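Trainee: This is what each chain is made of:
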Amino acid sequence: MLKIVIDGKEAEVEEGLSVLELAEKIGVKIPTLCYHPAVGAYGACRVCIVEVIEKGLSKLTTSCTCPVESGIEVKTNSEKVKKTRKLIVEMLLARCPDAKIIQDLAKQLGVEKTRAPQKNENCILCGLCVRICREIIAVDAVGFANRGNKRKVTTPFEIQSDVCLGCGACAFVCPTGAIKIEDVEDKRKIDMWHTELGKVKCERCGRYFSPVPLLEQIKKKGLREMSDFLGLCPDCRRLVLANKLMGREE
Amino acid sequence: MKKVLIVNLEKCVGCRTCELICSLTHERRCNPAEARITVIKFEEKGQNIPMYCQQCETPVCEAVCPAKAIYRDSLTGAMLVDTKRCIGCRMCILACPIGGLSFHPTRKEIIKCDLCKGDPACVKYCPEGAFEVVSLDAIGVKRRRENIRKFSSYLDMMTGGKE
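If you read the protein sequences in the order shown, they are chains A and B.
For the record, in the first sequence the residue sitting at position 62 is 161 according to the working numbering, with numbers rising by one throughout.
For the record, in the second sequence the residue sitting at position 162 is 166 according to the working numbering, with numbers rising by one throughout.
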C-alpha cells in the first residue's frame, strides 16, 4: 500500500494505479477527454493536468499517465492547475468551437472566448479511436498520419480500409463526436475513414442489422453452435426462440 | 446467492406491464423500446412469452466482449455491463442467441436485464404475479424445471399433443 496526499486528504492505495484512476476511486473529480479505462493512457488531451509535489519539487503533469508513488502530494485544483487547464481548454475551444463537450468544459472553467485563431475541426487528435481499434478490437484500421499542424487520424493512404469491421467503437468512444457513422439501408458509411461496408440482411424480417465484417468476426470466434441464429436480427431472435418454446418451427 | 428471474407462462396475460415498469425503473420513462424485457404475443393461441436475458451460465456476451466490460455481479449473479469500460462495438448484441441485449435508442449505452439489484420491478408490479425471483440453489433449480415441465404439458393440452 502507498500513502499519498490528494487535495489535502490522506489516501492509501495499492500500487499500479495512475493518479487519475486513484482520484476516481476516492471520489475526486478530474476532468478528462481522452481517458478510457479499457485502453492504456495516452496523455493527449492534457485536460486532466494536475500538480504533483515530490520531494519538495512541484511539477505539472497529466494525471492519466502519472503513476502513484509513495509520499507524493497531488493538487487537482490549485491556482497553477486552474490557470493551465483554462489555457488548454481555451486552445481546444479554438480548434473545435462546435464540440459540445468542449463548450461545456470551457463554461465550467470560466473560459468565455478563445484568443487563438479559430479552426473548424471536431477531432482533438486524442487518439482514443486509434487506441481502441488497435488494443481492443485488434484490427488497427486507423492511425495517425502526418506531423505537426497537418497531423490527423485516418486510414492508411486515406482510402477504404480492408480491415475495418464497421463496429462503430471509434464513434462510440470519440469524446467530441467527430466520427460520424451513417447507416443507409444496406450500407454503413464512415466518411472520416473513407470506408463503406455492406450490411447483413436479416433472414426473417429483411432489416439490415450488422456490417458484414463484424458478423464474420463473431463467427470466427466460434462460440457454441451459432450458425442457426447469426443471420437473424436481435428482434427476430427473440421471436424465433419464442416460437421454438411454443413448439413451432418457423 | 445467484438468482434467476423465472416466469410462469400460464399466468402471463400479455398486458406488457413488465415492459413499461422496466423502462420506468431504469429510464424514468414508459417506453417499451427502452425496456430490458419484451413480450412476444401469439394472439391466435392466446399465449404470451416474455423474453429477457437468462443470465446464462457460460454467457456468450461475456466471451465475445473484447473490452471485458461484461461481468457477473457477485451479489445477484446477473450479467452486468460496465458502462465505463464498454467501447460500444455491439459484438455482445450480435452474439446473444436470444436477443437479450440491445442498444439504447438514444443514449450511447448497451441495455440488458440487470435483475434490478436482486429485486426486479417486474416481479413487484406484474398484475398476475407471473414473475418470480428464485435463488439458484437446489430448490430454485427444481422450481425452474417444474416450470418448464408445466409449460410443456400445458402446450400439449392446448395443441392436443400434435405440435
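These aren't lab readings, by the way, just hints derived from the structure by calculation.
Please read these numbers as outputs of a predicted model, since none were measured by experiment.
Hints should not be assumed to be uniformly reliable.
Distance windows between CB atoms, simulated [claimed, not checked]:
#1 A:Thr164 / B:Thr110: 27 to 37 Å
#2 B:Tyr129 / A:Pro166: 46 to 56 Å
#3 B:Lys154 / A:Pro166: 28 to 38 Å
#4 B:Asn35 / A:Gly126: 30 to 40 Å
#5 A:Lys185 / B:Glu132: 52 to 62 Å
#6 B:Leu79 / A:Asn248: 50 to 60 Å
#7 A:Gly242 / B:Glu132: 48 to 58 Å
#8 A:Arg306 / B:Tyr129: 50 to 60 Å
#9 A:Lys185 / B:Leu79: 41 to 51 Å
The beta-carbon is built from N, C-alpha and C at its ideal position, and this holds for glycine as well.
Trainee: None of the hints should be skipped; say for each whether it holds.
Mentor: Now the hints, each set against the structure:
1. A:Thr164 / B:Thr110: 27 to 37 Å: holds, 34 Å
2. B:Tyr129 / A:Pro166: 46 to 56 Å: About 49 Å separates the Cβ atoms of B:Tyr129 and A:Pro166, which means 46 to 56 Å holds.
3. B:Lys154 / A:Pro166: 28 to 38 Å: violated, 58 Å
4. B:Asn35 / A:Gly126: 30 to 40 Å: holds, 32 Å
5. A:Lys185 / B:Glu132: 52 to 62 Å: holds, 59 Å
6. B:Leu79 / A:Asn248: 50 to 60 Å: Holds: the Cβ-Cβ distance is about 52 Å, inside 50 to 60 Å.
7. A:Gly242 / B:Glu132: 48 to 58 Å: holds, 56 Å
8. A:Arg306 / B:Tyr129: 50 to 60 Å: violated, 31 Å
9. A:Lys185 / B:Leu79: 41 to 51 Å: holds, 43 Å
Comparing the model with each earlier hint shows violations of hints 3, 8; every other hint is respected.
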